[in-house]
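Top to bottom, those sequences are chains X and H. Take 465 as the starting number for the first sequence in the working numbering and just add one per residue. Take 465 as the starting number for the second sequence in the working numbering and just add one per residue.
None of these hints come from the bench; they were simulated from the model. Cβ coordinates follow ideal geometry from the N, Cα and C atoms, glycine included. It is possible that some hints are incorrect.
As the list claims (entries may be wrong) - Lysine-lysine pairs mimicking DSSO-like chemistry, simulated, CA-CA at most 30 Å apart: (1) 531/X / 549/X; (2) 750/H / 708/X; (3) 736/H / 708/X; (4) 750/X / 735/H; (5) 664/H / 750/X; (6) 589/X / 619/X; (7) 735/H / 708/X; (8) 708/H / 664/H; (9) 735/X / 708/H; (10) 750/H / 735/X; (11) 619/X / 469/H; (12) 574/X / 619/X.
Claimed, not checked - Heads up, incomplete: computed chain H residues facing chain X, CB under 8 Å, no partners named: (13) 465; (14) 469; (15) 574; (16) 575; (17) 577; (18) 581; (19) 676; (20) 677; (21) 705; (22) 718; (23) 730; (24) 761.
Protein chains: 2
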Amino acid sequence: MQLPKRVQIKEVGPRDGLQNEIMFIPTDAKIKLINQLSDTGLNYIEVTSFVHPKWIPQLADAAEVLKEIKRNTDITYAALVPNSKGLERALDAHVDEVSVFMSASEGHNKSNINKSIDETFPVLKEVVDGALAAGKRVRGYISTVISCPYDGYTKPEQVVYVAERLFDMGITEISLGDTIGVGVPTQVDALLQEMLHHFKAEQLAMHFHDTRGTALANVMTSLANGITKFDSAFGGLGGCPYAKGASGNVATEDLLYLLHEMGIETGVNLKKIQQTALSIERIIGKNLSSKLAAIARGEEES
Amino acid sequence: MQLPKRVQIKEVGPRDGLQNEIMFIPTDAKIKLINQLSDTGLNYIEVTSFVHPKWIPQLADAAEVLKEIKRNTDITYAALVPNSKGLERALDAHVDEVSVFMSASEGHNKSNINKSIDETFPVLKEVVDGALAAGKRVRGYISTVISCPYDGYTKPEQVVYVAERLFDMGITEISLGDTIGVGVPTQVDALLQEMLHHFKAEQLAMHFHDTRGTALANVMTSLANGITKFDSAFGGLGGCPYAKGASGNVATEDLLYLLHEMGIETGVNLKKIQQTALSIERIIGKNLSSKLAAIARGEEES
Chain X
465 MQLPKRVQIK
475 EVGPRDGLQN
485 EIMFIPTDAK
495 IKLINQLSDT
505 GLNYIEVTSF
515 VHPKWIPQLA
525 DAAEVLKEIK
535 RNTDITYAAL
545 VPNSKGLERA
555 LDAHVDEVSV
565 FMSASEGHNK
575 SNINKSIDET
585 FPVLKEVVDG
595 ALAAGKRVRG
605 YISTVISCPY
615 DGYTKPEQVV
625 YVAERLFDMG
635 ITEISLGDTI
645 GVGVPTQVDA
655 LLQEMLHHFK
665 AEQLAMHFHD
675 TRGTALANVM
685 TSLANGITKF
695 DSAFGGLGGC
705 PYAKGASGNV
715 ATEDLLYLLH
725 EMGIETGVNL
735 KKIQQTALSI
745 ERIIGKNLSS
755 KLAAIARGEE
765 ES
Chain H
465 MQLPKRVQIK
475 EVGPRDGLQN
485 EIMFIPTDAK
495 IKLINQLSDT
505 GLNYIEVTSF
515 VHPKWIPQLA
525 DAAEVLKEIK
535 RNTDITYAAL
545 VPNSKGLERA
555 LDAHVDEVSV
565 FMSASEGHNK
575 SNINKSIDET
585 FPVLKEVVDG
595 ALAAGKRVRG
605 YISTVISCPY
615 DGYTKPEQVV
625 YVAERLFDMG
635 ITEISLGDTI
645 GVGVPTQVDA
655 LLQEMLHHFK
665 AEQLAMHFHD
675 TRGTALANVM
685 TSLANGITKF
695 DSAFGGLGGC
705 PYAKGASGNV
715 ATEDLLYLLH
725 EMGIETGVNL
735 KKIQQTALSI
745 ERIIGKNLSS
755 KLAAIARGEE
765 ES
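Could you build the full structure based on these sequences and the hints that come with them?
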């Protein structure tokens, strides 16, 4: 079994996780959680989103969070930015790195951004240009790379089409999202085989949701294809807007367990992530679906 | 990606699942659940255990359950049998196939059976002889094939040692159990590489617990090694006696989702298994950790 020696975890819980929780987590609590994450060995945290609060009220405190967290200089603190207005706010709050996003499928892109795929590129180009001019690296998310809740299965060629245009803008890395968590290893393998004809493994990250329990199996297939960057959320935060009661992002602690037990280094402390997962469970008042959080909870109770 | 075209699911929920639930499920309810499972397309169900009720009070009604279920002639109804006394009761209740069990590690075997590994073989031999004489096939479980809660990691050679002696008795198939759900694909791969030097893939089944979320990743590795038989439990029933609050067996419905989406046939109806999972959730009054059960629950609620 050919596996990389080291993997980078990109913690997206404070953004992708909390934006999908129903309740508004108080700003103080968010800052504490991010500070707790900053002490786990992570070197990349996506802390918030500058999407308009009308769309994501859960993260209406984006600027305050980004300004108030305790910065560790070893860590990149990133934020999601939808347009030039958002970029202005993010830069003003001293974001380290900017993420832009769109979908590989027309249906989801239309629903999420209210534009066609081709209409989206100029909007993102403006953000990328502005971020690069301000000396910031830009990461791109492509959603629905396996399947779309509106259009069904996504052709790998469609993902290549979107990725090529994003890389042409000067984006450093693209994160490929199985947004609705339907993917299985054969599909991930087919996607990556096609992507790796056009791009290098180090240009890509994988972003799995564990809605149907397949995330870690998909991670294995990605590792076998040479991918070394994965997005995940502490506690497995996030849920899925298209499947009520379902799981969210793959849990950082579950991903760490898998990687560490296979001898793959991440630099991240599993126990500290488990503790952060228990912290958010106490705040939202419910148990999350993460397996390693459940084990830590059981140990605390006994 | 090389994968088999067809996989056999061995449903062990009524035995391995219910024996680890804290409450005693009423006999009528057990019979109904098994009848419900008999209508899903499964062709193998382990319905109960004839271990003495002193040790597993949850299954004290083993004989009644086995006698009262509605038999489908396409299905093998199996039961776990620890010794000759248990075999007598199981045969009397018209069991189709017998399962015997022991561990690959001394610590777990001692704790579970109160005998050393070498002391266990003669006890099982008596059961196997009796079952074969009665015209029944015998399946063997080997527990703790990856790691033991007492002895740590299990050497693959130790699993081979136990398996060879069981096959010599005339056992048809051995199910390899990651009893405490700690295994990761590299370990499963190492185990199977060693096992397949000695035995054929069709002699082996894999039995994963999803305690740390790695079960489906381990299934992928097993499939890549040519394994085509998997144990699972509807709803992901079972818990783990060594990790409070943790998940149990890999959920049949989650396994089915993975296999079917990859084009692997099982003959089992995913929706019907999801419904059976919701039935047991209503009986025990709590949500199980299965992802596909959570999705079915969400659909019912909305």
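Next item on the list: Under 8 Å, Cβ to Cβ, is where residue 677/H needs to be relative to chain X, so tell me if that hint holds or is violated.
Entry: holds, 4 Å
Note to self: Hint check: residue 736/H vs residue 708/X, CA-CA at most 30 Å. Holds or violated?
What the structure shows: Given pair residue 736/H, residue 708/X holds - Cα atoms ~19 Å apart, limit 30 Å.
Note to self: Check the hint pairing residue 750/X with residue 735/H against an upper bound of 30 Å on the C-alpha distance.
What the structure shows: holds, 27 Å
Check: CA of residue 750/H to CA of residue 735/X, is that 30 Å or under?
Finding: Within the cut-off at roughly 27 Å; holds.
Checklist line | Pair hint outcome, residue 664/H versus residue 750/X [Cα-Cα no greater than 30 Å] | finding: With a Cα-Cα distance of about 46 Å, the restraint between residue 664/H and residue 750/X is violated, given a limit of 30 Å.
Check: CA of residue 750/H to CA of residue 708/X, is that 30 Å or under?
Finding: holds, 17 Å
Check: Taking only the CA atoms, is the gap from residue 735/X to residue 708/H under or equal to 30 Å?
Finding: holds, 17 Å
Notebook entry, point to check: Going straight from one Cα to the other, do residue 574/X and residue 619/X come out at no more than 30 Å?
Noted result: Roughly 17 Å between the alpha carbons, so the hint for residue 574/X and residue 619/X holds.
Margin query: Tell me if the interface restraint on residue 705/H is satisfied: Cβ within less than 8 Å of some Cβ in chain X.
Written below: This interface hint is violated because 11 Å lies over the 8 Å limit.
Margin query: A closest beta-carbon separation below 8 Å is what the hint needs, so does residue 581/H meet it against chain X?
Written below: Violated. Min distance 25 Å.
Note to self: For a C-alpha distance cap of 30 Å, please report whether residue 589/X and residue 619/X respect it.
What the structure shows: holds, 24 Å
Next item on the list: Answer holds if the nearest beta-carbon of chain X is closer than 8 Å to that of residue 718/H; otherwise answer violated.
Entry: holds, 4 Å
Hints 5, 8, 14, 15, 16, 17, 18, 21 and 23 from the earlier list are contradicted by this structure; the remaining hints agree with it.
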